[in-house]
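Engineer: Sequence:
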Amino acid sequence: MLARLRATPLTVLDLGTAGIRCLVARPRPSRGFGLLARSLAESRGLRAGAVTDADAARRAVAEALEAAEEQAGERLSRVVVVGAAGRPRSRTVRVDVPLQGNAVRDSHIRRALHEAVRIARQPGETALHAVPVEGTVDGRTLRDPRGMRGERLELLATVVLADADALAALVDLVESCHVVVEDVIAAPYAAATAALTEDEAERGALVLDFGAGTTSAAHVADGRLLFTYAVPYGSVHLTHDLAYGLGTSRRAAERIKVLNGHLFPPDGDARVDVPAADGEGIERTAPLAEIATILRARIEEILDFLAEGIEAQRDLFDGRPPRAVVLTGGGAQLEGLVELAERVFGLPVRRARLGLVFGPQGIEDDPSLAAASGALALASGDDGGLSFQELGRRPPGGLLGRLARWFVGDD
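Numbering-wise (my numbering), the sequence shown opens with residue 1 and increments by one.
Derived from the structure by calculation, the hints contain no laboratory data. Careful: at least some of the hints might be erroneous.
[Stated by the list, open to error] Across the chosen pairs, the derived CB separations fall in these ranges: (1) 73 - 168: 26 to 36 Å; (2) 102 - 264: 57 to 67 Å; (3) 77 - 284: 49 to 59 Å; (4) 175 - 343: 20 to 30 Å; (5) 301 - 269: 18 to 28 Å.
All of these numbers come straight from a predicted model, not from anything done at the bench. Just so you know, even glycine gets a beta-carbon here, dropped at the ideal spot from N, CA and C.
From just these sequences and the hints, can you work out the full model?
Structural biologist: Structural data, given as structure tokens:
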């Protein structure tokens, strides 16, 4: 559903370990966004959302912004940042609000969300999102409790938090490139917004976002975000494993992974050339089965870690079990990943096909754009049916002193 879409273009920066993506898009009257510019710069000085080399990272961000400005034909001044900055994670909180016989209003929802953040947030953390899951009025549980009269509202909310210092460092870095950061959005929430169909979001689904430095999960059911979880491993670790296992350079290992990576190769006896670590000639040839064994070991580890984190949230699944898995992120393109994920989770699995951003042919088939596409929707006020409120409203104050997102309407 669309909610007060702004007419001006939106700019999203997806700050990844391997690449920095910049999308500039304008909301369309009917649905989604029309793409105005799309750029990709090699990521430098960033790892899993953390700034490791400020100067190198600043140059990479500036490169992505400048390329997008050239395509869009206009100066970019305000951006929305999406990524794994500050290791986003969620906590689920129940909050009571007295009604004294009155009907539930948006002000009650806002008050409950403020309290949920206060309870969930620990020292050194800042809140990125506070999303209502359900409301209970005098024992009656409702998806949207507004308008119901009673004595007490109990709100179940998902609060997504991040390390405040790491997030502040990233915001400072981006704003040193002469733009203002309007919002920061957690990558798993954004990816889920872009990747799920309305039916999947209602029935219940897991979205696994395979980034270069981080792999994250988001569980959505009944159209609401229930939790997010992440592990500090991604596709860059596959490259490192290949380089070590094959005795070659990381650059050569990345090329082998992209061109020949398959978790279940149809012809495991086929062989590929492995360049020497110094780049001088061919070290040896390796069977595809050997490459698959190296890749599969790391992917199985990542999937097992995710499964453990999801299992720890089982109490939240009562009546809301995931019924499907959707893969997003650049790492989702690895051949055989769908089949392996089906084995681990015992659920139907598919790669994401995006339908929020309309532009050059093939953009909808690029799962690496899921987080950036979903961030466009969340930043514009279009929650894609992931919550029961229609309007994203941010309270006054600085970025790190406020909730970046909650879905509530006006009184």
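Engineer: Just tell me: holds or violated, for the beta carbon distance of residue 73 and residue 168 against 26 to 36 Å?
Structural biologist: Holds - the Cβ-Cβ distance for residue 73 and residue 168, about 32 Å, lies within 26 to 36 Å.
Engineer: Check the following: the C-beta atoms of residue 102 and residue 264 are separated by a distance inside 57 to 67 Å.
Structural biologist: For residue 264 against residue 102, whose Cβ atoms are near 60 Å apart, the range 57 to 67 Å holds.
Engineer: Taking the Cβ atom of residue 301 and the Cβ atom of residue 269, is their distance within the range 18 to 28 Å?
Structural biologist: 26 Å, holds
Engineer: If you check the beta carbons of residue 175 and residue 343, does the distance land in 20 to 30 Å?
Structural biologist: Once the Cβ atoms are compared, 45 Å apart, the range 20 to 30 Å for residue 343 and residue 175 is violated.
Engineer: When you take the CB atoms of residue 77 and residue 284, is the distance between them in 49 to 59 Å?
Structural biologist: 53 Å, holds
Hint check: a violation occurs at hint 4 only; the rest are consistent with the structure.
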